[in-house]
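Take the working numbering: the final residue in the sequence shown is number 128, and no numbers are missing along the way.
Quick caveat, the hints were computed from the structure, so don't treat them as lab data. A few of these clues could be false.
To be verified - Restraint-style ranges between C-beta atoms, simulated for each label pair: (1) Arg34 x Ala123: 42 to 48 Å; (2) His66 x Thr33: 44 to 50 Å; (3) Trp98 x Lys124: 38 to 44 Å; (4) His65 x Thr33: 40 to 46 Å; (5) Lys126 x Leu62: 14 to 20 Å; (6) Pro105 x His66: 31 to 37 Å; (7) Leu40 x Phe125: 36 to 42 Å.
To be verified - For lysine to aspartate or glutamate, the following DMTMM-like pairs were computed, each having C-alpha atoms within a straight-line distance of at most 20 Å: (8) Lys7 x Asp69; (9) Lys124 x Asp69; (10) Lys126 x Asp69.
Fair warning: this is a prediction, and the values are worked out from it, not measured in the lab. Beta carbons are placed, not taken as given, at the ideal position from N, Cα and C, and that holds for glycine.
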Amino acid sequence: MGAVKSAFLFGAILGLTGVILGALGAHALETRLTADQLESWQTATRFQMYHALALLVLGLLNHHFADRFLRWAGIAMTLGTLCFSGSIYLLVTTDWPIGLVTPLGGTILIIGWALLIAWAAKFKQN
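Generate coordinates for the entire structure from the input sequences, incorporating the hints supplied.
In structure tokens:
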């Protein structure tokens with residue numbers, strides 16, 4: 003699958019599931035989770051939505067300026083979101099000890115943004 007299609011597809015999937023998981027946290031889980039767990043859930047949902055939108059923008063950028071930095075930024079943001087937000091969803095709803103994945107996901111997200119900065123720094127407007 004191409005970089006543009008992947009960015010659009012994963013951005014849309016993360017956006018769709020972000021809305022669903024946000025609603026789940028706000029309605030179905032609000033009486034089952036502690037205030038701290040709900041706050042963590044909201045953080046995961048917020049980060050997921052931010053990066054869903056970022057992936058859509060990356061898809062547009064990659065469509066017009068096909069570049070390896072943009073492609074790798076999209077990959078990093080997809081994987082980072084899955085690790086960061088996904089691990090928080092699992093930590094909040096299960097006893098699965100997956101806590102080390104959250105900072106790894108955050109680091110991968112940072113790398114994604116750094117790759118976007120690298121692309122912007124080398125970008126030459128015609």
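Violations among the numbered hints, reported as their numbers in ascending order:
Failing hints: none at all.
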